[in-house]
Amino acid sequence: MKYEDVAIPLGHAWSSPFAKWQGSLAEVSSLDLAVAVTGRALAERDLEPVWFDGVVLGTTVPQPDLFYGAPTLAARLGATGLTGPMVSQACATSVAALHAAAGAVAAGATRQLVVVTDRTSNGPTLIYPSVRGQGGAPVVTHWVLDSFARDPWAGQAMLATAEAVAAENDITRDELDDLTSLRWEQYQAAVVDDRAFQRRYQVPVEIKGRKGGVFLEADEGVRSKERAAIGDLRPAASDGVHTFAAQTHPADGCAGAVVTTSDEARIRSGIGIVRILSSGVARVRKARMPEAPVPAARAALEAAGLDFGDLHAVTTHNPFAVNDIYFCRETGVKPTDMNTYGCSLIFGHPQGPTGLRSIAELIETLRLRGGGLGLFTGCAAGDTAAAVVLEVTDR
47 MKYEDVAIPL GHAWSSPFAK WQGSLAEVSS LDLAVAVTGR ALAERDLEPV WFDGVVLGTT
107 VPQPDLFYGA PTLAARLGAT GLTGPMVSQA CATSVAALHA AAGAVAAGAT RQLVVVTDRT
167 SNGPTLIYPS VRGQGGAPVV THWVLDSFAR DPWAGQAMLA TAEAVAAEND ITRDELDDLT
227 SLRWEQYQAA VVDDRAFQRR YQVPVEIKGR KGGVFLEADE GVRSKERAAI GDLRPAASDG
287 VHTFAAQTHP ADGCAGAVVT TSDEARIRSG IGIVRILSSG VARVRKARMP EAPVPAARAA
347 LEAAGLDFGD LHAVTTHNPF AVNDIYFCRE TGVKPTDMNT YGCSLIFGHP QGPTGLRSIA
407 ELIETLRLRG GGLGLFTGCA AGDTAAAVVL EVTDR
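Count along the sequence shown from 1, add 46, and you get the number used in our numbering.
No lab work stands behind these hints, which were simulated from the structure alone.
One thing to keep in mind: the hints can contain errors.
Unchecked claim - Okay, derived cross-link-like pairs now, SDA-like style, lysine to any residue, Cα gap no bigger than 25 Å in a straight line:
#	residue 1	residue 2
1	66	352
2	66	353
3	257	155
4	66	169
5	66	216
6	254	86
7	332	203
8	257	72
9	66	196
10	48	155
11	254	232
12	66	332
13	332	257
14	332	201
15	66	155
16	66	234
17	254	93
18	332	47
19	66	92
20	380	170
21	380	417
22	48	348
23	66	109
24	48	430
25	254	92
26	380	243
27	254	110
28	66	351
29	254	417
Stated by the list, open to error - Okay, the calculated beta carbon distance ranges per label pair:
#	residue 1	residue 2	range
30	180	90	55 to 63 Å
31	257	129	28 to 36 Å
32	354	187	51 to 59 Å
33	89	309	44 to 52 Å
34	317	258	14 to 22 Å
35	218	380	15 to 23 Å
36	184	380	45 to 53 Å
37	94	114	20 to 28 Å
38	380	238	21 to 29 Å
39	178	245	51 to 59 Å
40	179	239	52 to 60 Å
These figures come from a predicted structure and were not determined experimentally.
Beta carbons are placed, not taken as given, at the ideal position from N, Cα and C, and that holds for glycine.
Construct all of the structure, not just a fragment, from the sequences and the given hints.
See the structure below:
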């Protein structure tokens, strides 16, 4: 999917820090989190919510009052006349939200606010009436845990998809540990000098309330993945090669962006724009999720008239270390040339906003290099993935 005139003003893509599973944000609704983070992000950029023509809300985990979705978010931000869709596509929700916003911009609603938010902590337990069940007993589903444990189409857990791809491609435990350790080292570059890189795009979480409220300024729950330490860990599955270090951890967080035309983006930024060139989606064989980011990336690059050799930076959503190893084997991209400041394998995965955080990091990586072409790609549960190609430019 190619976009002709869609852009983000430079400096207008952001993310909160990510909180660990059952951590600081465990009792904060993801909608409340979205209001707090988005309101602060807009204020820091001197933007009034009423400036926008529409809002796109991305989320994957049900929360209280979520039925009313984007209009409620907009009203709580102060834009009572603003509305828009709510989108959900598992881990690809961020790309889906950007795609929805790009379509609105192309259709003439030229100022779109994208907000992607999720809380995997305290996921809801849903009770479905079943009058035909034994004794009328209901069907009970835990939205988060049951989704992690089983893809209803393939009947496989997410970990099983990673192990299958590793086995079929002769990817060893040592390769997984080496990749994991590399991503840990890259994340350290993002937190040196008092988190100088992360402060370029991160918005602290500050929610007032009883017992002092919540304030979160930095990622929470990030665990060391130094090579010497992770080599002694047992595999997560008895016959597998992935340890708990070689996979991401569930998290809570929120991310956002301003999506508009190139001319409007130049006015808003004053220093440059991020042209959204294209996006791509893909679906591969049943229960082969780690393979899907490759064809998604190829689809996005083909739509933009580009190839992997044209790129100046790459970020990925890689819930398992095998994702990046497979990606590099298939594309020729070197592991050291991607995820320069870390990735979801290290900082965690709150589902919906993970991709947009990685896109914000991609933008800032290119910005530090003076501009250029970038790719984000990531899997989306089961056997699918989505990707986006962008260009940071002063034109």
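Consistency of the hints with the structure:
Distance hint between residue 66 and residue 352 is unfulfilled; the C-alpha atoms sit about 37 Å from each other, more than 25 Å. This hinted pair does not check out: residue 66 and residue 353 have alpha carbons roughly 36 Å apart, beyond 25 Å. A C-alpha spacing of about 42 Å is found between residue 257 and residue 155, which places the hinted pair above 25 Å, so the restraint is violated. Using a Cα cut-off of 25 Å, the hinted pair residue 66 and residue 169 holds, with the two alpha carbons roughly 14 Å apart.
Restraint check for residue 66 and residue 216: not satisfied, since their Cα atoms lie roughly 32 Å apart, outside the 25 Å limit. Among the hinted pairs, residue 254 with residue 86 is consistent with the structure: their alpha-carbon atoms are about 13 Å apart, no more than 25 Å. For the suggested pair residue 332 and residue 203, the alpha carbons sit about 12 Å apart, so the restraint of at most 25 Å is met. Restraint check for residue 257 and residue 72: satisfied, since their Cα atoms lie roughly 15 Å apart, inside the 25 Å limit.
Proximity of residue 66 to residue 196 is assessed by CA-CA distance (about 22 Å); at most 25 Å being required, the pair is judged to hold. Taking the CA atoms of residue 48 and residue 155, the gap is about 18 Å. The hint holds against a cut of 25 Å. For the proposed pair residue 254 and residue 232, the alpha carbon gap of about 34 Å is over 25 Å, so the pair is violated. This hinted pair does not check out: residue 66 and residue 332 have alpha carbons roughly 30 Å apart, beyond 25 Å.
In summary, the hint linking residue 332 to residue 257 is not supported, as the alpha carbons are separated by about 48 Å, beyond the 25 Å threshold. Taking the CA atoms of residue 332 and residue 201, the gap is near 9 Å; set against the 25 Å cutoff, the hint holds. For the hint pairing residue 66 with residue 155, the CA-to-CA distance comes to about 36 Å; that exceeds 25 Å, so the pair is violated. The hinted pair formed by residue 66 and residue 234 meets the criterion: a straight-line CA distance of about 18 Å does not exceed 25 Å.
Distance check on the hinted pair: residue 254 and residue 93 sit about 22 Å apart at the alpha-carbon level, within 25 Å; holds. Annotation: proposed proximity of residue 332 to residue 47 holds, straight-line Cα distance about 24 Å (limit 25 Å). Restraint check: the Cα-Cα separation between residue 66 and residue 92 comes to about 30 Å, which exceeds 25 Å; the hinted pair is violated. With a CA separation close to 40 Å, the supplied pair residue 380 and residue 170 exceeds the 25 Å bound.
Simply put, residue 380 and residue 417 have alpha-carbon atoms about 20 Å apart, close enough for the 25 Å limit, and the pair holds. Of the supplied pair hints, the one linking residue 48 and residue 348 holds, its CA atoms being roughly 9 Å apart against a limit of 25 Å. In summary, the hint linking residue 66 to residue 109 is supported, as the alpha carbons are separated by about 18 Å, within the 25 Å threshold. The straight-line distance between the Cα atoms of residue 48 and residue 430 is roughly 20 Å, inside the 25 Å bound, and the hint therefore holds.
Pair hint residue 254 plus residue 92 holds up; C-alpha atoms about 22 Å apart against a cutoff of 25 Å. Of the pairs offered as hints, the one joining residue 380 and residue 243 holds, with about 22 Å between alpha carbons and a cut-off of 25 Å not exceeded. Our distance criterion of 25 Å between C-alpha atoms is met by residue 254 and residue 110, whose separation comes to about 19 Å. A C-alpha spacing of about 39 Å is found between residue 66 and residue 351, which places the hinted pair above 25 Å, so the restraint is violated.
As the CA atoms of residue 254 and residue 417 are separated by approximately 38 Å, the hinted pair breaks the 25 Å bound. As the Cβ distance of residue 180 to residue 90 is approximately 56 Å, the hint placing it in 55 to 63 Å holds. Roughly 35 Å separates the CB atoms of residue 257 and residue 129, a value that falls within the hinted 28 to 36 Å. For residue 354 and residue 187, the Cβ-Cβ distance of about 40 Å falls outside the hinted range of 51 to 59 Å, so the restraint is violated.
For residue 89 paired with residue 309, a C-beta distance near 24 Å fails the hint of 44 to 52 Å. Range check, residue 317 to residue 258: Cβ separation about 37 Å, and the 14 to 22 Å hint is violated. Separated by about 18 Å at the C-beta atoms, residue 218 and residue 380 satisfy the suggested range of 15 to 23 Å. For residue 184 and residue 380, the Cβ-Cβ distance of about 52 Å falls inside the hinted range of 45 to 53 Å, so the restraint holds.
Judged by the Cβ atoms, the range 20 to 28 Å given for residue 94 and residue 114 holds: they are separated by roughly 22 Å. A beta carbon spacing of about 22 Å between residue 380 and residue 238 agrees with the range 21 to 29 Å that was offered as a hint. Residue 178 and residue 245 have their C-beta atoms about 56 Å apart, which keeps the hinted 51 to 59 Å range intact. Distance hint check: the CB atoms of residue 179 and residue 239 are about 59 Å apart, consistent with the given range 52 to 60 Å.
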